[in-house]
Structures are given as C-alpha cells and as structure tokens.
Amino acid sequence: MILASVSVVLVLVVGGVAVLLGPAEARLLFLVSGLLALLMAAQAAFAEPRDLGPALILAAVPVMALAAGGSPSGLVVSLGVLLFVACELNALSWRMGRPGTRPHPTRQQLLDTLRITVIGAVGAGIVLGIAVIPVPGSTMMVALAALVLAVGAAMVFRPGRQRG
Amino acid sequence: MTVQEGEEIRLLPTRDARLVPYALVALASLAGALVAGQPVLAALAVPFGAALVLGLRHRGPMAIRVRVVLDQEQVIEGTPVTGRIEVTWDGDFSAEVMLHGLEGVTSEEELAWSFPRTQASGPTRREELPLALEAAHWGLHGIGEVWVRLEAPHGLLSWSGKLRAPPALRVLPRSERLDRLLDLADSRSVWGMHLSRRIGQGSEFAELRPYVPGDRLRDLNWTATARQGRPFVNRHHPELSGEVVIVLDAFGDGSRISTETLAQAARAAWALASVHLRANDRVGLAGIGRSTQWLPPGGGRLARYRLLQTLLRIGGEAAAGRSVAPSLHRIRVPPAALILAISSLENMESLDALRGWRSRGRSVVVARIDAFDTLETLTPSEALALRLWRLELELRRRSLAQVGIPVVSVRAGEPMAGVVPALRRVRRAPIMRRGR
Numbered sequence: 004m005i006l007a008s009v010s011v012v013l014v015l016v017v018g019g020v021a022v023l024l025g026p027a028e029a030r031l032l033f034l035v036s037g038l039l040a041l042l043m044a045a046q047a048a049f050a051e052p053r054d055l056g057p058a059l060i061l062a063a064v065p066v067m068a069l070a071a072g073g074s075p076s077g078l079v080v081s082l083g084v085l086l087f088v089a090c091e092l093n094a095l096s097w098r099m100g101r102p103g104t105r106p107h108p109t110r111q112q113l114l115d116t117l118r119i120t121v122i123g124a125v126g127a128g129i130v131l132g133i134a135v136i137p138v139p140g141s142t143m144m145v146a147l148a149a150l151v152l153a154v155g156a157a158m159v160f161r162p163g164r165q166r167g
Numbered sequence: 003m004t005v006q007e008g009e010e011i012r013l014l015p016t017r018d019a020r021l022v023p024y025a026l027v028a029l030a031s032l033a034g035a036l037v038a039g040q041p042v043l044a045a046l047a048v049p050f051g052a053a054l055v056l057g058l059r060h061r062g063p064m065a066i067r068v069r070v071v072l073d074q075e076q077v078i079e080g081t082p083v084t085g086r087i088e089v090t091w092d093g094d095f096s097a098e099v100m101l102h103g104l105e106g107v108t109s110e111e112e113l114a115w116s117f118p119r120t121q122a123s124g125p126t127r128r129e130e131l132p133l134a135l136e137a138a139h140w141g142l143h144g145i146g147e148v149w150v151r152l153e154a155p156h157g158l159l160s161w162s163g164k165l166r167a168p169p170a171l172r173v174l175p176r177s178e179r180l181d182r183l184l185d186l187a188d189s190r191s192v193w194g195m196h197l198s199r200r201i202g203q204g205s206e207f208a209e210l211r212p213y214v215p216g217d218r219l220r221d222l223n224w225t226a227t228a229r230q231g232r233p234f235v236n237r238h239h240p241e242l243s244g245e246v247v248i249v250l251d252a253f254g255d256g257s258r259i260s261t262e263t264l265a266q267a268a269r270a271a272w273a274l275a276s277v278h279l280r281a282n283d284r285v286g287l288a289g290i291g292r293s294t295q296w297l298p299p300g301g302g303r304l305a306r307y308r309l310l311q312t313l314l315r316i317g318g319e320a321a322a323g324r325s326v327a328p329s330l331h332r333i334r335v336p337p338a339a340l341i342l343a344i345s346s347l348e349n350m351e352s353l354d355a356l357r358g359w360r361s362r363g364r365s366v367v368v369a370r371i372d373a374f375d376t377l378e379t380l381t382p383s384e385a386l387a388l389r390l391w392r393l394e395l396e397l398r399r400r401s402l403a404q405v406g407i408p409v410v411s412v413r414a415g416e417p418m419a420g421v422v423p424a425l426r427r428v429r430r431a432p433i434m435r436r437g438r
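Sequences listed follow chains A and B, in order. Add 3 to a position in the first sequence, counting from 1, and you land on the number used in the working numbering. Add 2 to a position in the second sequence, counting from 1, and you land on the number used in the working numbering.
Please note: incorrect hints may appear among the correct ones.
[To be verified] Some chain B residues well away from chain A (every beta-carbon gap over 12 Å; in silico): (1) Arg128; (2) Gly302; (3) Leu380; (4) Ser383; (5) Arg398.
[Said to hold, decoys possible] Sample of chain B residues facing chain A (criterion: CB under 7 Å; computed from the structure): (6) Pro23; (7) Val27; (8) Leu29; (9) Gly34; (10) Ala45; (11) Arg119; (12) Pro155.
It should be emphasised that the hints constitute simulated quantities derived from the structure, not laboratory data. All values derive from a computational prediction rather than experimental measurement. Think of the CB as a built atom: it goes at the ideal place given N, C-alpha and C, for glycine as much as any other residue.
For reference, chain B alone in the conformation it holds in the complex (with noise of 0.2 Å):
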C-alpha cells in the first residue's frame, strides 16, 4: 500500500460571471436612483447587492486537504489498480475533485466526484474517493493530477487548485519468457553460463590432447588412454559470464503506434535482462530518446532491481512526455560488452549512436520492432506512403549491416522468444562486404 502525507493545497478564489454584471446592476439602480429621483430603482439594486454580500462573504484563501492512497505500490502491465483519494474541507462549501491527465493508468469511469453543501454538513467534511484504474503503461507514474474546486454557499468567488500525485506507482513490463542467451562479445574471468572458446575448466567437452605434468588426473580420458597406449585428457569450454548492454530507443512521438512499440521494447528488454542476470551475465540499460539514462552493467539480484528502476524511469518519462536534450556521451559501454539495441529504427539520432558504438569497436545488434502492422484499413495515399516508409527502414538496415551491425525484425504483438536464436543465427552468418 502507498499512501503519501495528506497535502494541504491552499486555493485562491476567482470570481464568477455573475459578479461584475450584478454590482455593475447595483450601482447602476442606486445611482439612477439618486439622479433620476425614482426610489424604485433602489428597491431594484437590493436583491443584487444582497447577492453580493452574501456571495462576497468568504474572500482570502481556503485549504482543502488531499491524501492519494493506492493499494499497491507494483503491478504488471493490464492489472487492477485500486485505491482512494482523501479529501478534507471546510464543511461551509460545496466541492468537485477531478483525477486528471492519468498517466500510465486508464480507466473506465469517470473519475470526478462532487459534494454539495448539505445541511448536515459539520465544520469539516471528509470524503474517500474510490479508484478503480488498470495499468495500461509500464514505468513509474504518479497517476495523474487531482483538481479541486470549491464553492460557498451563493458564491459569487470560487476557489480552484490541483496537486500532482507523486510517482508511486512502479508499473512493470509484461515479461516474455525467453530461456535463450545471445553469444556475448568476450567473456570475464567469473563463472557463468557462456561458453567460452577459450580452454579451461569447465564441463563442456572440447577437445583431446596427450597428458602433460601438472594435468588434473580427474580429466583422465581412459577409453583414449587405453586405444592409444598412452594417456590422454579431456579439454573443457570454461563456462564464463558475459557483459550486455541493452539500448532501449524510446524517441518516440507520443503517437498509439509509437507507445505500444515502446511497450513491446520494454518487455523485450526486461525478458533479456532477466534472463542474462539468471545467467550470472553482467547486464546494463541505457535509455536513449526524450532523455538519456545509463545504468552500467552490473550483476546479483541488486543490478535486478536498478535494472528495473531504470527501465520504470524510462518508462515514466516516455510517458509523461518530458524531453530533455540526450547527452550520450554519458553511455559508456565497456569494450567487450554486446550492445543489443531494441529500436523501431524510425529515429537518425539513435542510427548514429548505434553507428557511433560501432565505430568504436563495440559489438551491437539491433532488434527492430515492426508496429505499422496493426494500423487499421489504410487508404490508398497511405498505403502507399507505408510503403516508401518501408523502403526506408530497409534502406537503414542494410547500412546498419554494411557497418556489422544484424539487424532482426519482429512484428508488434509477436512474442519475443524468436528474438534471440535469430539474433545468434545472425551474428554467427559471415558478413559481406562489398568492395568499392
């Protein structure tokens, strides 16, 4: 359960409509009155004036206390969201409370609530505000912003405020299962589940040569050793573990299409990450597009939860479409880590950082997210620019091939589980280049 310390908003008043047209009505009856000579005229002013004494009554600023409680702090993508918004005020006036601009929730009901003056009404009235949202955007979301309003009794003034709701909300991905790793640019000296082309201790058979001093008797091959008449060992792949980088591209345009492909990326690299930290690999996460993350890679269960901090941040931001200018100079991957960048490929600035790695030396491999598949009956003009647009993303594939980076696609809403032996299938395939 996350519930935040009620927050008193204090609210300044705004006038209604109908105070300046009443008091200009007032004076105007008073002061025809005493030009004119016609007491009528006054007897006109009063039901005016009394409105506006009686509406003018409460005037400075009003509190009015706001306390979101969410009954769970992390869910899944697609699942319920309940909870409550506590809302005191002065028992004097009538109030409205709006939960607005949600942000990563969506919900079905409308979610505004009014309470009018009631007679019964103490010096402070309390009202809970149910919540019943769903999680529809992974990251870390606040929910939205509750306005409020209130209004005295023949109010003439209004008193009117919002608070943004904290992130508190930690959405994760929906995670594929995907029980494959990717091959790995060069290994570390730490035990893990990649096989290295090296020679050494581990339990993956790799070749037989003669026994020399010093070899462990253990390793003894004695079905060799007796067809040969002289000993020989067993040779092992040692099983080491492995530096990945993920890239996740989040430059996205805020569009239906640009947000649910996001999503699938967030997936994908959560399944990927959790996977390699299972395989004791050294994962990072680097978020490139409305603002730049870096988390440098790192193992064990508290590189999990960093891990997941930053895809939520990511997340988060995308969401709440906050931009600030990418600093990739911050992303340092380290020489032998395998970036792994999941993009849609529809933006040059993350074309250059994956060349610009490349051109460092760096090993990348991209999968690319095909989201144009779900768009509804396309008329023939936007058939037709799906169609060049295509041709261009096929045009940046093979100039992200012709530098060694594989490129492999997945359509939107397809599981992620082919990802991976398609991406090993590639980087194994030798590379052509064509000379000038």
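Isolated chain A (complex conformation) (with noise of 0.2 Å):
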C-alpha cells in the first residue's frame, strides 16, 4: 500500500511541476494529461489491471514538452527519474500483493529497485555532460551515447551470480 501511495505522489508530482513551469499556452494540456495520468495511476496503484503504462506515457508527455520548450535540462531529467521510479515502485507493490508473497519488500528487492534507479540517473546526468560538449552534430552524438551508456550500464551494474 505504501508502495503504490508513493508511485501515485510522485505521479502527481510530476504532473504539478510540468503544469506550474510549463509555458502558459500548454498548461491547459498539461493539466489534463496530467489529471488524466494521475487517476490512471491511482487505477493501476490499487485495481486490476496493473499497468501503470498508459499513466506513464501520459505524463511523460508534458515532461518532454517541457523538454523540447527549452526548460532547464535538470528539471526535466529529474522529471523523468522520478516517473521511472514510480513504475518501478507500483511494480514492486504488486509483487508484494501476490499470494504467498511477503507483506514488506525484502532488502534485496530494495537494493534492485535503488540500484536500477541509480544506474539510470547518473547516465541520465552523463549523457546530459556530454550534451554540453560544443561539437557539430552534438544531438547525434548525444542520443548515440545515451544508448551506448544505456547498455553499457546495464551490462555492467547488473546483478552477478556468487562466484567460488
């Protein structure tokens, strides 16, 4: 329960802030997609079915507007950490929901969660660096290195099984 409250707080965070920072002539259409993104989200938190993707999509949409109407990079990046990090809190609730299962998330799903969510911030916050770099065809290179970081990361951080 307190897993899924948190996805839907962050989603209407999300939401607030692209309303409150957004431009003046796209607030009305913020304010419904993220009205809309925030009851989905409160749907998928606590009802069948539990996809928290249609929610995610909705409020991603305001997040790249703002991204594409020249808002500071890390507000919009912080944005978007902050929706990855609600799907996976609503995914984990519903892990903590099924029969059999514990009523609490055990460490180590803690750590899974906090470790994917690390990995996607700093490379967020790299690509971002690497976008300031003055070359020609920088967009190219950035979205080039944000799928190499990308994989990279993943490749790198995920969990090993114990050796010996």
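Put the two chains together into one complex; each comes in its own frame, and the hints tell you how they fit.
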C-alpha cells in the first residue's frame, strides 16, 4: 500500500511541476494530461489491471514538451527519473500483493530497485554532460551516447551470481 | 509414502506490463532528441533504456523441476494428509509457487510460497514446501495443480507454468458399520452365509422326513425316531453364496448437497460390499453418472481391492467434474444378481437404467439418500420449491415401486445400518399392484 501510494504521489508531483513551470499556452494541455495520468496511476496502483504504462505515457508527454520548450535540463531529467521510480515502485507493490509473498519488500528487492534507479540517474547525468560539449552534430552524438551508456551501464552493473 | 519423479517444466516467457511503455518512452525520447534537436530528451531515455536492457537479459524458456511427495498413499476421509513439494530452479531468479485447484483435499492454510532472490543464492536453488492437508472427498486424487512463476532481477519478463500432479492419493470413504446381509435373488453353489430356500447340506434346520436309504446316519433325529417308532432324519437349508451388484448413482451437479450425498452413498456402498464379501458373496460395482464404471461380480480379497479401485475412480471423476457420455450397455448384470442401487433419484437417466434392469428380470432395490434436510434456513419460496421437489421424488418412488423396485429412504448423515433391515422387510412384503 505504501509503495503504491508513493508511486501515485510521484506521478502527481511530476504532473504538478509540469503544469506550474510549463509555458502558459500549454498549461491546459499539461493539466488535462496530468490529471488523466494521475487517475490512471491511482487505478493501476490499487486495482487490476496493474499497468502503469498509460499513466507513464500521459505523464511523460508534458515532460518531453518541457524539454522541447527549453526548460532546464536538470529539471526535465529529474522529472523523468521520478516517473521511472514511480513505475518501479508500482511494479514492486504488485509483487508484494501476490499470494504467498511477504507484506513488505525484501532488502534485496529494494536494493535492486535502487540500483536501477541510480544507474538511470547517473547515466542521464552523464548524457547531459556530453550534451554540454559544443561539437557539430552533437544531438546525434548525444543520442548515440545515451544508447551506449544505457547498454553499458546495464551490463556492468547487472546483478551477478556469487562466485565460488 | 508416494514420491513422483521430479518433472522438469519448461516455462515460456510472458512480458511484464512495463515492457511496452518503457520501450515507447525510450524510443520516443531518442526520436524526439533527434527531431527536435534537444539532447536532454536523450538523457530522459537512459533510465528506461537501461531497464530494458537489464530486464530483457533472459529471454528464452526457463526450466524448473517440481516433485510432489506425499507421506501417505491411502487415507480415510477426514484424516490429515502431509507431504511436501520440492522445487528446484535457477538461483538467479525469484520464484513463486502455488498449489491450486485442490482435488479431494482441503487446507486451512494458504498454499502459496514466494522466494525472492537473495544475494546468497547459488547457481541452483532448491526449496521444500510443506503440505498440511485434510482428505475431504473419497476417490483417487492428484491433490491439484502446482503453479510456478519465475522472475529475473529487474524482470520485464516472467516465466509461468503449471504441473498437474498425477492421481496418487487414495481417499477411502468412511466405513459404516453393517452386520446384516440382504436377501439375494438366487444362490450359487458355493458355500457362503446365505440360507437358500432349497433343502440340502447345511447347518440351519429346515424339516423332518422319514429316513430313506442313502441319507446320512449323522442326520438321524433320535428323538423323532423314538417317538414315531421309525427312523427320521433332519433336513437343512444349505448355506450358499449369492451375487450382488451395487450401483452408485454419480449424476451429481457439483453442488455441496450433491457432493455430500455422493460421499454418503460411497460409504454405504463400501460398507455393503465389505459385508457381502466377508459372507463369501460375489460383489460387483457399477457407477453411472459422469462416466460409466463397471466391475463384474467377484469374490475374495482381489475383488475387494478391485472394488476399492473402482469406487475411488468414480469418486475421483466426480470430484474432478470430468464428464463422459454414459454407456450403460457396458454394464452386464448377471441374471441372478441382486441390484442394490444407492441413488438420490434426482436424475431421470438413473431411473431409466433401474427400470431397464427390472424389465429384464433383475431384482432391484433402491436406497435413496435424502440430503435436503441439511439445507439451512429457507425462504418461503425455497421451502415451497422443496415441498414440490419432495412430491416429485415421491412420485418417482411410487413409479419404481409399481414395477417392483422397492425404495428405502435414508437421511443424509444418518447411519446406513438401518437400511439393510428396511430393505429386507420391503423385499418380503407383498407387492400390491393396481389392476387396470
């Protein structure tokens, strides 16, 4: 219940920030999108189907619009990471609710969620850093860097078997 | 102890609900970065892209080995059943196991287990899941289905499957105490406990008659001889065995009343069969209902085992709800056998079968189990419906009596010990037929 509630709150925060800090002409669109995202997040958190996907997509639209409109990069990436964390917490809460499971996540499960969040946040930060470098075709380079970084970070930091 | 060979289940992956949205956001962000020239959108794609890469590392089928071990092969209704489920899988994955669709057994505990991945998990992980069940329904059962589910770390795919445990638990019906036999239609020339109407070798006195050459000297009745002045001998009824075919009406609709009625019928059938087998009678068993089971009359210890197997098969199929078109022509009742049907008289097919046997000259008696008294408080309309249904059952009972099939009613939960004397009385009573 706590994990599911936090996921809904995160979606609310992302939507609220997008509405407050977004351009005035797009405020209504952001508001509608945010409200729909919030409703779907609440439904996915507490009832079947447990799919936060529609809420993620609806909440991501204002965030991408903020990026396209020139909002601060750190804000956009932070909102993106918050949406990602909301999805992971929602998935973890539904895993707790299945028959036979414990009512609270295990330490390993929390570590796994934290690991992927840190990987994503650090990776996004590195990509932003690359984006600062003024070189021709930097957008293409950044996109490629994002791909390579995502793959590389996942391979390096994947949970491995105990050796020996 | 029943141990089944560990069966490896091959599980196919199914995608998590997050897979498609993550892919859409990652691709849309990258595309948006290229189209709009905003590098920050590429940064937005990194967390989702990393999750996709991590979550799709394992994509192929996964294997898990499951073995069901029961401590008992054979129990009686209402007794505990213990055992365990042994599960072995790749240690890198978390697993969830559930025992679903219990057959013939019940459990007060939730039969679901979860094993999250731990850092200490080795390449292979093995767990033993304790089972504490209670045998609830007679028959041959496989206890249920084992459902398993595997998830990898950061899993965007899961692997699930199920294994149906083969029938390995025999639940015997609780046995009612019966110590009287039914009169059988005819007798065979094998020694048993039934008194034949014929005169022959035996221990039960039948009559006195004058001595004729060839009579055994041991049969001389000295008292009558002294009184009459000429030799008289004792004549006896021979003790011969007979044949009885127990017909179990398994036409249930799966309701609680139907299930309890069938259970009581099974207990009565087993008790009657046991008593008649001990009396050296030949006993057969026919199950009519969802499927047709037929065991020709037989005697001895082997017949007892075969009767039990057939009874458990009937119970197992009734509990599992399996339905096969009935084939009554397979049931070939010997002409001299007594047919004892245990039925609720609710299904017309069973009534037609009984009338059919009677029309072919077989002796048929029916013990009807009335389970409607177990119903809880009824609304006025339900009480009226029940009265109408009882009238219908009474009509059916009379229609059977008119063709020479006596019916005795037994309330559910009451011991069957009173049925046999009632049937004996009914069979001996003259049948009143109305002339047309």
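Hint check results:
Interface exclusion of arginine 128(B) from chain A stands, the closest Cβ pair being 16 Å apart, more than 12 Å. At roughly 49 Å, the least C-beta separation between glycine 302(B) and chain A is larger than 12 Å, which holds for a residue marked as non-interface. With a closest Cβ-Cβ approach of about 36 Å to chain A, leucine 380(B) is found to remain outside the 12 Å limit, as its non-interface label requires. Its beta-carbon lying about 36 Å from the closest one in chain A, serine 383(B) satisfies the requirement of being farther than 12 Å from that chain.
Listed as outside the interface, arginine 398(B) is consistent with that label: its C-beta sits roughly 46 Å from the nearest C-beta of chain A, beyond the 12 Å cut-off. With its C-beta approaching chain A no nearer than about 3 Å, proline 23(B) sits inside the 7 Å limit, and its interface hint holds. Hint status for valine 27(B): holds, given a least beta-carbon distance of 5 Å to chain A, under 7 Å. With its C-beta approaching chain A no nearer than about 11 Å, leucine 29(B) sits outside the 7 Å limit, and its interface hint is violated.
This hint holds: glycine 34(B) has a C-beta 6 Å from the nearest C-beta of chain A, less than the 7 Å allowed. Restraint check, alanine 45(B) versus chain A: the minimum CB separation of about 4 Å is within 7 Å; hint holds. Annotation: interface hint on arginine 119(B) holds; nearest CB of chain A at approximately 6 Å, less than 7 Å. Among the interface hints, the one on proline 155(B) holds; its C-beta lies about 5 Å from the nearest C-beta in chain A, closer than the 7 Å criterion.
Hint compliance for this structure: hint 8 alone is broken.
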